[in-house]
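A.B. asks: For reference, the chains in residue letters:
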Amino acid sequence: MTGLLEVDNLSKRFGGFVALENITLSVRAGERVGLIGPNGSGKSTLVNCICGTLRNEAGSVGFDGHSLNGESAHQRTRRGLARTFQLPRPFASLSLADNMRVPLLYTVAARSGRAAARDIDDRCVALLREVGLDGKARRLPRELTQVEMRKLELARAMAAEPKLLIADESMAGLTHSEIEDILALLNRLNGQGVTIILIEHIMRAVMSFSRRLVVLVSGRKIADGEPNAVVRDPEVERAYLGQ
Amino acid sequence: MRSDLFLLVCLIVGGLIFGAALLLNNDYYFFAGYVVLQYVVLSTAWNILGGYCGYVNFGSAAFFALGAYSTVAVHRLDPMPIPVLVAIGGVVSGIVGLAMGYLTLRLRGAFFAIATLALAVVLETLIVNWDYVGGSRGAYIVRPETMPPFGSYIKYLFLIMMLLAVGAITVARLIERSRLGYGFATIRDDELAAEASGVPTLRLKLIATTISGALMGMAGAPFPYYIGFLQPSSAFGLDYAVNSIAMPLIGGTTSWVGPLIGAVLLGSLQQIATVTISSAVNLLIVGFLLVGFVIVAPNGIIGLFHRYVRHKPDDPVGRREVRIEASESAPGASL
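Same order as they appear, the protein sequences are chains B and G. Numbering-wise (our numbering), the first sequence opens with residue 116 and increments by one. Numbering-wise (our numbering), the second sequence opens with residue 3 and increments by one.
Honestly, I wouldn't trust all of these hints.
[To be verified] Cβ pair distances, simulated, as ranges:
hint : chain 1 : residue 1 : chain 2 : residue 2 : range
1    : G       : 4         : B       : 190       : 45 to 53 Å
2    : B       : 261       : G       : 10        : 26 to 34 Å
3    : G       : 97        : B       : 355       : 53 to 61 Å
4    : G       : 10        : B       : 123       : 32 to 40 Å
[To be verified] Derived list of chain G stretches under chain B, where covered just means 3 residues or more per stretch with a C-beta under 8 Å from a C-beta of chain B:
hint : region
5    : 195 to 209
6    : 261 to 270
[To be verified] Quick partial rundown of chain G residues pointing at chain B, CB under 10 Å, derived from the structure:
hint : residue
7    : 6
8    : 190
9    : 191
10   : 256
None of these hints come from the bench; they were simulated from the model. The structure presented is a predicted model; accordingly, all values stated were derived computationally and were not measured. By construction, the Cβ of each residue, glycine as well, lies at the ideal position given by its N, Cα and C atoms.
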């Protein structure tokens, strides 16, 4: 294995429906990869298989030199594979600070063995500050706006100190300036060495962020390469615009 | 407040209650108090799985009965001191709780609740057909009249149940303020997100079923000595299943305080109703109160307190103020 993430011939079926068919994907450390495709193309299924939420029937997923086959989602998170969800899934009964605390306690502390209470408190505040939510540290997630909820989701993923972050439609439903906020955040993260796979329908955001673009259609990978070249690919145009 | 200090305060309060009951010089207060304390343990135990993790267990009576029948089984072999029987009841019920967790925790919501109910039915059938512990005929346990230095035996049983209640509350509070408590809360809120945050949800749920089951079994272990004659219908009684759910719901499920308030309030009310009206109205009282609270205060008395007294949102009781005291030494720190 050479890349940080190695997906090899991964397939997933739901009954008779083939959701993913022989997907092979290699992502190197530090890369900024955009993953696009029409609705139902298998993007989220691929993310779920990579992160362990779903079990793939065939193929393998490798991460940082380890095979992830058979590992549960929390074990993969501890290895440094974090994700956000298409619809934000905050821990509703916990404050924003405590939402940060959970991955710090269960991932970072479990990984490194350091769990000093003061360190964790400081880190919670620092993470919220990074996404501009430090002023609401004691609030509950239900008191947040849509963009704040997306930022909370990203901050919680960051709290796990991931090597690879998969951002699943983190900009859906946001305004232009809010998208810029999220993009700046992702850029900052990537600058800190975090590899990012961005799944998004907003092409402007995908094109500005990604240095590599992967296209899925009907569970198959139809293109993988430099973004400008990929969007001009006739097969990609057909998939998005029809014949 | 530090956990050891909290335990000390609980023991002092427990000692004061015991002393006050002694001053009243009437064994009835010990009989009634025993039942209330038993419900404190049961509802606190239920809340660890039902309130903290959000998994509703309808099989409380099964764990309680397991503790009681462990005592009967051991008593037939060789009568032992009650603290030993309590430990045995806890271990047996804890193991069954762990096994139940393995079998049922992939189920959620109503399906999990029905599975726990099925467990109670299966265990009751087994006990009914197990002659060694009395089967459907029941089993007599003759308790000694006195227990030095306490005087009557009921005082001794009351004290044991008081210590169990203190222990259960301390364990619940310790969990709530530890890493384990955060893990349980994430399971209640969103298991998928919990896994994505590194929380080993299945392992934590197994811990919850084991602790919860063990505490319920411990509450049931002295019961044969209290009641004198144990039969399946009394050990697997509907009262235990209903009360252990209703009490935390009425008190509030997100904190150790809720089950305590619910058990003391409802348990005392039931004892008063038993002597003033009839024991038959006990479940009716619970039913009316439960319906009332679900409509008026779905987050229980603690929720009401936070809404109207402290003017705070009513879901987490101090959750936002919880700080990890010392994560390395917290229970489940190696999880």
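A.B. asks: Against this structure, judge whether each hint is valid.
C.D. replies: Cross-check of the supplied hints:
1. The hinted window of 45 to 53 Å between residue 4 (chain G) and residue 190 (chain B) is violated, with their beta carbons roughly 34 Å apart.
2. In this structure the supplied range 26 to 34 Å is violated for residue 261 (chain B) paired with residue 10 (chain G), their Cβ-Cβ distance being about 48 Å.
3. Distance hint for residue 97 (chain G) and residue 355 (chain B): a CB-CB separation of about 58 Å, consistent with the stated range 53 to 61 Å.
4. Separation of residue 10 (chain G) from residue 123 (chain B) is about 59 Å and departs from the stated range, judged on CB atoms against 32 to 40 Å.
5. Residues of the region 195 to 209 of chain G with a Cβ under 8 Å from some Cβ of chain B number 10, which satisfies the need for three, so the listed coverage holds.
6. Residues of the region 261 to 270 of chain G lying with their CB closer than 8 Å to a CB of chain B number 0, which falls below the three-residue condition for coverage.
7. With a least beta-carbon distance of about 17 Å to chain B, the hint placing residue 6 (chain G) at the interface is violated under the 10 Å criterion.
8. Among the interface hints, the one on residue 190 (chain G) holds; its C-beta lies about 7 Å from the nearest C-beta in chain B, closer than the 10 Å criterion.
9. At a threshold of 10 Å, the smallest CB-CB gap from residue 191 (chain G) to chain B is about 4 Å, leaving the interface hint in force.
10. Because the beta carbon of residue 256 (chain G) sits about 7 Å from the nearest beta carbon in chain B, less than 10 Å, this interface hint is met.
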